[in-house]
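Trainee: Just so you know, the sequence shown maps onto residues 1 to 254 in our numbering.
I should point out that these hints are in silico values taken from the structure, not numbers from a laboratory.
From a predicted model like this one, the values you see are computed outputs, not experimental measurements.
What you were told as hints is all true, and nothing was included just to trick you.
The list that follows gives simulated cross-link-like pairs (lysine to aspartate or glutamate, EDC-like), each with its CA atoms no further than 16 angstroms apart:
#	residue 1	residue 2
1	95	138
2	239	171
3	122	186
4	119	147
5	119	191
6	123	186
7	239	186
8	119	186
9	180	140
10	236	200
11	177	135
12	236	171
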Amino acid sequence: MPKIPDDTHPNCRCSISETWVEGKDDNLVGGKRSKALEKAVGVAIADKIIKKPRITRDVNVIQKRYDDAVNQYQEETGIDVITLMHEGNFVDTSKPYDDEKAHFIKWLMRQNGYNEIPKPVKKYSGKLVYRGVNDSDDKEASEYINDLKTKPFCISGADSSSAGRGIYVTEWKGDLKKYKNGIISEWAISDIANVLWLSDCKEIAKDMHNFTFSNRLMDTNADIIGILGGYDIIKKGTKYNVLNGGVLEWLNTK
Numbered sequence: 001m002p003k004i005p006d007d008t009h010p011n012c013r014c015s016i017s018e019t020w021v022e023g024k025d026d027n028l029v030g031g032k033r034s035k036a037l038e039k040a041v042g043v044a045i046a047d048k049i050i051k052k053p054r055i056t057r058d059v060n061v062i063q064k065r066y067d068d069a070v071n072q073y074q075e076e077t078g079i080d081v082i083t084l085m086h087e088g089n090f091v092d093t094s095k096p097y098d099d100e101k102a103h104f105i106k107w108l109m110r111q112n113g114y115n116e117i118p119k120p121v122k123k124y125s126g127k128l129v130y131r132g133v134n135d136s137d138d139k140e141a142s143e144y145i146n147d148l149k150t151k152p153f154c155i156s157g158a159d160s161s162s163a164g165r166g167i168y169v170t171e172w173k174g175d176l177k178k179y180k181n182g183i184i185s186e187w188a189i190s191d192i193a194n195v196l197w198l199s200d201c202k203e204i205a206k207d208m209h210n211f212t213f214s215n216r217l218m219d220t221n222a223d224i225i226g227i228l229g230g231y232d233i234i235k236k237g238t239k240y241n242v243l244n245g246g247v248l249e250w251l252n253t254k
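Can you make the complete structure from the sequences, with help from the hints?
Mentor: What follows is the structure, encoded as structure tokens:
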């Protein structure tokens, strides 16, 4: 079973997003902005192993990490996350996987060691979960599943992320009825995963400043709290938003 720790010191559509391609200018709009974000999201630290933040629910620690992150992001990209949040421009449903929040979350994940991909295993170590995927105009469901196994940052998009951007799975197949014509794939959550409940994210957010918790009903900034708190997963009911792909497991039968 995944860990749901106390504070120690030391349905969404579950869609799969576009993935970042290093050195590819058209990841982003605008030449200067594209090059700055390309550097920020990973080129400068691509060869480094980034250690995840020490796990905490201490709002003062999370606030400090948040302040440092948004300041560094603005220095590197010129983009003011706090202003975007306050003005309601952080999320854009017209480009759900390429909005300002998508860029910031991928950068934040990269900076904090959340760029792992799910692990192939011979035997699951933790709780069995499921993910539903339908074919889209661009990809077949099987391609989405393969991307999830082999590429980082396959995260949900704008207005389909009630517990933040991430990889959504569920412990109950009944949540996946709308995928009856697609693929329902089997996964497991590693027994070393650290889980933070969405309700706890909301409580932490109440005491933070220069931070907006809810962009809209189906898109919250719980992901930011989870990452900066060092958690792998945000849980809401039977659903898990997996922030750290490295705690997902899939059976390798070959």
